[in-house]
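A.B. asks: As a plain string of letters, each chain reads:
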Amino acid sequence: MSDISPKARRSVWRRHFLIQGCWNYEGMQNVGFAYAILPALLEIWTGQPEEAQKSVKRHLEFFNTHPVMGAVVLGAGVRLEEKAAGGEGDPAGVGAFKMGLMGSLGAIGDAFFWGALRPMASIAGVLLALFNPLAGIATMLILYNVSQLAIRRRGFQAGFSGQEAVVEWLKKESLNVKTNSRKLAVTVLGGVYAGIIMGKTVAVGATPLHIIAIFLAGAVIIRFVTEMFRKSVSPSEVLLFLLLLGVLILWK
Amino acid sequence: MIWKFLLAGVIGGGCYLDRTAAYQMMFHRPVVVATLMGWIFGDFFAGAQVGVVLELIYLVHLPVGASLPPDDTGAAIFAGSAAAFVSRDAGGGCFTALILLSVLCAELGRLVDAVVRKVNGRIARIARDAVERGDIKAVEQSLLAGLTLFCITGMLLALSFSVAGAAASLFLLPLIGADIGVDLSALALALPLVGAASVFACGRTEKTAWLFFLAMSAAFAVTMAARWMA
Chain A
2 MSDISPKARR SVWRRHFLIQ GCWNYEGMQN VGFAYAILPA LLEIWTGQPE
52 EAQKSVKRHL EFFNTHPVMG AVVLGAGVRL EEKAAGGEGD PAGVGAFKMG
102 LMGSLGAIGD AFFWGALRPM ASIAGVLLAL FNPLAGIATM LILYNVSQLA
152 IRRRGFQAGF SGQEAVVEWL KKESLNVKTN SRKLAVTVLG GVYAGIIMGK
202 TVAVGATPLH IIAIFLAGAV IIRFVTEMFR KSVSPSEVLL FLLLLGVLIL
252 WK
Chain B
27 MIWKFLLAGV IGGGCYLDRT AAYQMMFHRP VVVATLMGWI FGDFFAGAQV
77 GVVLELIYLV HLPVGASLPP DDTGAAIFAG SAAAFVSRDA GGGCFTALIL
127 LSVLCAELGR LVDAVVRKVN GRIARIARDA VERGDIKAVE QSLLAGLTLF
177 CITGMLLALS FSVAGAAASL FLLPLIGADI GVDLSALALA LPLVGAASVF
227 ACGRTEKTAW LFFLAMSAAF AVTMAARWMA
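Respectively, the protein sequence lines represent chains A and B. So this note's numbering is basically just the index in the first sequence, starting at one, shifted up by 1. So this note's numbering is basically just the index in the second sequence, starting at one, shifted up by 26.
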């Protein structure tokens, strides 16, 4: 376990929320990472300004991962710096470790947080917001934040406990399994949303043929637009097309 | 009225910070932002109504690596502010028009975001040079500079988009004509369906596609039955 003081640890934890504060195309999260780890580095290299300088330079190298997963890498980075200061490891290995970890953690984080948890929280919030906007917004924020804050916290602690603990934590967290279950929930809730929206548009007393036609038209539009999204068409492009269509309708 | 736009700028700036630079706690999501804008300009529910539609449409574009998704926060600021100025009996077509117009803000916001990140590149280079000279505390100043840049740009964008939204509602929509609500009603259903497609694309694997359409059929039947019984 790390010998870093609780004060420095809390400081690193608070700062890690700003890891994207100076996001740029060359180094991406490099400045944010160096900023977050700085209190720990100053403590580890107390009285050795040259070593502290070298260590900050190491952390200003290119770095990019999912912002939530950045907590794990930060924790592990502090631990490795401590080991290097104690003569147990090569300081150059810190950078190599970060490079190795950021790619895989980034991919796992993007798939889970952006690809599954955020859509699930959004669609659940939107469904509730159709009836009560405040309840919808609260649901969305709670669903997303409870999960992401818990994962940040556990990941940060695992990182501080060392490389083996990170691997163990990743296994225990089983984010791949969670991604699949959240995606399943997204699929079902998305279907419910589409059904409610279309059910609201059918006029009361419509003929069965009319009802079936509306349902099928909706299903075909959804399928078609989904295929467009899968072919990397941007939502903005779809909206611009509809805007053009709207202008043509109004022109007529 | 001016203080309301200033408030929109300040709150919008906070939401923009949450979008990239700090915390990422989803306070920048369209449903939150549009509802806040609706509340500031006097029609909470109108803001929520457009926010709900925008929330899902942009979900499919993930902020991965160096790719910049459209600025859905900016789109929500525009549409949420504009919706609050639309008269309540204007019809769904007006909201449709505003949501469609908001795409221009989404693209403009994306361009500005790219410029901010380029400027941040210079800040990062200055930080590296300073550390090279032995000033390791420069990292803190650089991060603060980056944050300030994100925040000020966000506030300016939020202020501009809320003013543009109000102007679109008060001047552009009446200019287009009184029948806009009727004329664009055909497109009113298309937007939530684009949102549903975006959600479907997020959750979808070939194996579970049937589940989406099964849930859709069930919800469709239940909604219609509930409406007919009411």
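Hints are computed from structural coordinates only; laboratory data are not their basis. Heads up, some of the hints might be wrong.
Below 25 Å or equal to it, Euclidean Cα-Cα: the simulated SDA-like pairs (lysine to any residue) are [as the list claims (entries may be wrong)]:
hint: 1; chain 1: B; residue 1: K30; chain 2: B; residue 2: L185
hint: 2; chain 1: A; residue 1: K84; chain 2: A; residue 2: L131
hint: 3; chain 1: A; residue 1: K232; chain 2: B; residue 2: F239
hint: 4; chain 1: A; residue 1: K8; chain 2: B; residue 2: K163
hint: 5; chain 1: B; residue 1: K233; chain 2: A; residue 2: L185
hint: 6; chain 1: A; residue 1: K55; chain 2: B; residue 2: K163
hint: 7; chain 1: A; residue 1: K8; chain 2: A; residue 2: K55
hint: 8; chain 1: A; residue 1: K58; chain 2: A; residue 2: R15
hint: 9; chain 1: B; residue 1: K163; chain 2: A; residue 2: E52
hint: 10; chain 1: A; residue 1: K201; chain 2: A; residue 2: I212
hint: 11; chain 1: A; residue 1: K55; chain 2: B; residue 2: E166
hint: 12; chain 1: A; residue 1: K179; chain 2: B; residue 2: K163
hint: 13; chain 1: B; residue 1: K163; chain 2: B; residue 2: L173
Since the model is a prediction, treat every value here as computed from it, not as a measurement.
A.B. asks: Indicate, hint by hint, whether the structure satisfies it.
C.D. replies: Hint-by-hint comparison with the structure:
no. : hint             : verdict
1   : B:K30 to B:L185  : holds, 10 Å
2   : A:K84 to A:L131  : violated, 54 Å
3   : A:K232 to B:F239 : holds, 21 Å
4   : A:K8 to B:K163   : holds, 18 Å
5   : B:K233 to A:L185 : holds, 10 Å
6   : A:K55 to B:K163  : holds, 13 Å
7   : A:K8 to A:K55    : holds, 23 Å
8   : A:K58 to A:R15   : holds, 21 Å
9   : B:K163 to A:E52  : holds, 14 Å
10  : A:K201 to A:I212 : holds, 11 Å
11  : A:K55 to B:E166  : holds, 16 Å
12  : A:K179 to B:K163 : violated, 40 Å
13  : B:K163 to B:L173 : holds, 16 Å
Of the numbered hints given earlier, the model fails hints 2 and 12; all others are met.
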